[in-house]
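Those sequence lines, one after another, are chains A and B.
Residue numbering for the first sequence follows this note's numbering, starting at 1 and increasing by one per position.
Residue numbering for the second sequence follows this note's numbering, starting at 1001 and increasing by one per position.
Any given hint might turn out to be false.
[Unchecked claim] From the derived model, a few chain B residues whose C-beta atoms are all more than 12 angstroms from chain A:
{"#": "1", "residue": "L1014"}
{"#": "2", "residue": "W1097"}
{"#": "3", "residue": "S1231"}
[What the hints assert, rightly or not] What follows is a list of derived Cβ distance ranges for each label pair:
{"#": "4", "chain 1": "A", "residue 1": "T129", "chain 2": "B", "residue 2": "N1228", "range": "51 to 61 angstroms"}
{"#": "5", "chain 1": "A", "residue 1": "T129", "chain 2": "B", "residue 2": "A1315", "range": "35 to 45 angstroms"}
{"#": "6", "chain 1": "B", "residue 1": "R1052", "chain 2": "A", "residue 2": "W199", "range": "46 to 56 angstroms"}
{"#": "7", "chain 1": "A", "residue 1": "D64", "chain 2": "B", "residue 2": "A1315", "range": "40 to 50 angstroms"}
Just so you know, these hints were derived from the structure itself, not from any lab.
None of these values were measured; they are calculated from a predicted model.
Virtual Cβ for every residue (Gly too), placed ideally from N, Cα, C.
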Amino acid sequence: MNEEFLNTLGSIVGTATPLVIASLGETITERAGVVNLSLDGSLALAAVLGFAAAWTAQEAGVLDVPLQIALGIAVAMLVGALIALLVGFSSIKLRRDQVAVGFVLTLLAAELARFLGADFTRIPGPQITRFNIPLLEHAPILGPVFFQQNLLVYFSYLLMFGIWFWLFRSSGGLTLRAIGERPEAAYARGARVQRLRYWYTFLGGALVGLAGAAYSLNVKPGWSSPPAMQGDGWIALAIVIFGGWHPFRVVLGAYLFAALRAVSSHIQTNGLFIFGQEINFPFVLLNALPWLLMIITLLIVSGGLTERLLQYMPRAVQRRLRAFLRSDPPKALGTRFEME
Amino acid sequence: MKNPRAIGIRITFLLLPIAISLAIGAALVIAVGRDPLEVIDALWKGAFKDTRKIGGVVNFWIPLTLVSIGLVVTFRAGLWNIGVEGQMMMGALFASWGAQYIPLGESLAPLLHLLLIALAALGGMFWGAVVGALKIRLGVNEIFGGVALNALVNVISIYLISGPWQPRIGGSAQGTEPFPTPALLPEFSARFPTNIFMIALVIAAFLIVMVMLNATRWGLNLKAVGRNMRSALLLGVATERTSLSAFLVCGALAGIAGSYRVLFTFDNLRPLASGGIGFLGLLVVLLLSIRLLWVPLIAFAFAAILTGSTRLQIALQLDSSLAGVLQGMLVLFVILFHGVQEVFFPGTLADDDTVEDSATSVSSVVKENP
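Just chain A, same shape as in the assembly (with noise of 0.2 angstroms):
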């Protein structure tokens, strides 16, 4: 197969990770039956702070470069796991709207991340290297799209495993599930139900603050205003959706919308050309594809319309096709859990 393609490939699975590892945090949480909606504003104060704890390090010199890296990641994990627990905790004890606090919590990590940003505006610091491993990076097609990449990319293969592993092949994980699903029955075989809820929302937030981090140390490496990834927690929640809550079809959700957004820029800078001939029409325009995208992924998973079409499938294809298709959210997702 083509290099050239295979390295665009490679770089497509490089930018998306961020968004898997953002989508997978989210998709725990959810799972638990909590909704962490501050996605797109932690994402930025993780990705700031971060980036701040590192330059600080390298500036003063105190640690090496990969314990500068390494400060930078746990800082940005505790960022997004603390807003997350402000979203438990204020849901699990205190009875407020997950909604609510989520959104007000997405605003206000935005505009902190922008106020104590403004000093660290566009200025180079630490980043993430490249890391291949051995022997599979020679592995054909294979190697160079996922093996010449860096540890946090193959950090986010063994966690979309790990997660299925946990979810679907462990009793914790059965216990995971219960809570999101039917917390009263869980609850009367012995689950701490809001213990655990505290648990994975914490788990998830510290998975969506690494993925900030996973920004500003290597995807858009530094810090500018507006965010460079403005929107992605946007579209992280919306990939759990589409993903149906299920590890492998989240990742697949990140992967194409970054497979997408590849697509859009390739033509912004270099044009598009179908056998030879230039397409010419105004490119700003495709901006818009990865939100069309959400609407239309949203629309075929949760919307009625997949359910009104499938009625003109043979009846053999229908229950397979809706397999497919359509994702239900975890039953009690959103929603309080009262001990008697």
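Since the structure of chain A is provided, determine the placement of chain B on it from the hints.
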């Protein structure tokens, strides 16, 4: 509410969120090496130093109050209209089209203004209807539909500004040429640069929506839909039509708010002309637990902070996003402390605090079960 202890607790819970927000705000300011008192001074002078500044506050207050009134309507129906920002922008686009292409001269300026405002309302309603149809007919959650439509209208406006509507000289993505004078809303005076007709319109909208919400069948239906969609349906409320009407009303008001930004504030169309005012409106309404009565007052306070913050950059080289940080913290702590009060001091709540319930039921929107 005769118990003095209960009154004391209520007052404490009213002041505590404000005090904590200010304290954290001061800590942030100190953390970046500035004096909090200087910040307060700059904010105050930026908003109230003279009548020109106060006019500036009013110019934020007008669109902010309009969108907030509209958002009370959608929240009443249990709908999260995050798309309000895009509805403002679509109103601005429609008004900008009219301002450039409707050939009415100076003598017919008042007629032109009415036309442009009506066009803007239509534009906002159109974009609101799209969110509504996606939600009601096609099952796309209005939060995500709204976010996507916000982004889409921004792409459209950038396309228009850099394409068909680009200035003849020095075309860039900065903005269109200034609109012809007859299309621009006039200033009351150079000393107090704001538009009186729009202020009157805001007051009228406030009164009309107040009456509509509290004294008509429609208002009752909205509340029923917002509280419990299924029982509203069983009671014979046309739930789909009621939800859609909420989007249309909010869209119209947001569209008018958008027209004010381009026909008065900027005199031309720019990218992101809505300037986050729609999102700020969501904060205003959340702060008030969806009560309409205090919207104009809180909107004025938020508009003052926003106007004052423009001075932070000039006077103290401090990023103006501090205004958003303060507003966001205030709303967050009001919501959180309302929860603390409800959970730990349940006897101290005023009767009308139950309005919060309709915000709580909003969480059901994240679960789409068509």
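How the hints compare with the structure:
1. With 12 angstroms as the threshold on Cβ separation, the claim that L1014 (chain B) sits away from chain A holds: the shortest Cβ distance comes to roughly 17 angstroms.
2. With a minimum CB-CB distance of about 17 angstroms to chain A, W1097 (chain B) clears the 12 angstroms threshold, and the non-interface call stands.
3. Every Cβ of chain A is farther than 12 angstroms from the Cβ of S1231 (chain B); the closest lies at roughly 17 angstroms, confirming the non-interface assignment.
4. About 56 angstroms separates the C-beta atoms of T129 (chain A) and N1228 (chain B), a value consistent with the hinted range of 51 to 61 angstroms.
5. Taking the beta carbon of each, T129 (chain A) and A1315 (chain B) are about 43 angstroms apart, inside 35 to 45 angstroms as hinted.
6. Taking the beta carbon of each, R1052 (chain B) and W199 (chain A) are about 55 angstroms apart, inside 46 to 56 angstroms as hinted.
7. Distance hint check: the CB atoms of D64 (chain A) and A1315 (chain B) are about 42 angstroms apart, consistent with the given range 40 to 50 angstroms.
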